[in-house]
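Colleague: Sequence:
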Amino acid sequence: MYEYHEILGSEKPIYRTKPPGLKTISEIPSGEFLIGYEIVGYLEYEENGKKLYEPLYAIVRDES
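Once you know that position 14 of the sequence shown is 43 in the numbering used here, the rest is easy, because the numbers rise by one and skip nothing.
Any given hint might turn out to be false.
[Said to hold, decoys possible] The calculated lysine-lysine pairs, modelled on DSS-like cross-linking and capped at a C-alpha distance of 27 Å, are:
(1) Lys47 - Lys80
(2) Lys52 - Lys41
(3) Lys52 - Lys79
(4) Lys79 - Lys41
(5) Lys80 - Lys52
(6) Lys80 - Lys41
(7) Lys47 - Lys79
[As the list claims (entries may be wrong)] DEER-style ranges, computed between Cβ atoms:
(8) Pro42 - Glu75: 30 to 38 Å
(9) Lys80 - Gly60: 29 to 37 Å
(10) Arg90 - Glu32: 25 to 33 Å
(11) Ile43 - Gly78: 17 to 25 Å
(12) Ser39 - Gly65: 29 to 37 Å
(13) Gly78 - Thr46: 18 to 26 Å
(14) Glu61 - Glu83: 27 to 35 Å
(15) Arg90 - Thr53: 14 to 22 Å
Quick caveat, the hints were computed from the structure, so don't treat them as lab data. All residues carry an ideal CB built from backbone N, CA and C; glycine is no exception.
Given the sequences, and given the hints that come with them, work out the whole structure.
Modeller: Written as structure tokens, this is what we have:
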């Protein structure tokens with residue numbers, strides 16, 4: 030999990046609810062992480078009164 034200043038300038042979108050099709054690291058089966066998942070955004074949530082940001086991943090396919 031990251032604080033806002035750690036993701037500032039990343040240009041990736043911040044979501045308050047997780048969009049369909051995107052996964053958190055805990056939702057990616059072990060062994061599949063290296064198959065082409067890439068951070069495509071961040072999920073904002075609050076923990077102990079502090080806003081935190083969890084990376085959201087999607088499979089990025091090489092179309093070349």
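Colleague: Next step is simple, just say for each hint if it's right about the structure.
Modeller: Verification of the supplied hints:
1. About 15 Å separates the Cα atoms of lysine 47 and lysine 80, which keeps this hinted pair within 27 Å; it holds.
2. Note on lysine 52 and lysine 41: the hinted pairing holds, with a Cα-Cα distance of about 15 Å set against a maximum of 27 Å.
3. Taking the CA atoms of lysine 52 and lysine 79, the gap is near 22 Å; set against the 27 Å cutoff, the hint holds.
4. Of the supplied pair hints, the one linking lysine 79 and lysine 41 holds, its CA atoms being roughly 20 Å apart against a limit of 27 Å.
5. Taking the CA atoms of lysine 80 and lysine 52, the gap is near 19 Å; set against the 27 Å cutoff, the hint holds.
6. Simply put, lysine 80 and lysine 41 have alpha-carbon atoms about 17 Å apart, close enough for the 27 Å limit, and the pair holds.
7. Between the alpha carbons of lysine 47 and lysine 79 the distance comes to roughly 19 Å, so the proposed pair stays at or under 27 Å and holds.
8. A beta carbon spacing of about 18 Å between proline 42 and glutamate 75 contradicts the range 30 to 38 Å that was offered as a hint.
9. Here the CB-CB span from lysine 80 to glycine 60 is close to 32 Å, well matched to the stated 29 to 37 Å.
10. The hint said 25 to 33 Å for the Cβ distance between arginine 90 and glutamate 32, and at roughly 31 Å that hint holds.
11. At about 18 Å, the beta-carbon gap between isoleucine 43 and glycine 78 stays in the expected band of 17 to 25 Å.
12. Between serine 39 and glycine 65 the beta carbons are some 19 Å apart, a value that contradicts the proposed interval 29 to 37 Å.
13. Distance hint for glycine 78 and threonine 46: a CB-CB separation of about 20 Å, consistent with the stated range 18 to 26 Å.
14. For glutamate 61 and glutamate 83, the hinted distance range of 27 to 35 Å is not satisfied, since their beta carbons lie about 18 Å from each other.
15. The hinted window of 14 to 22 Å between arginine 90 and threonine 53 holds, with their beta carbons roughly 20 Å apart.
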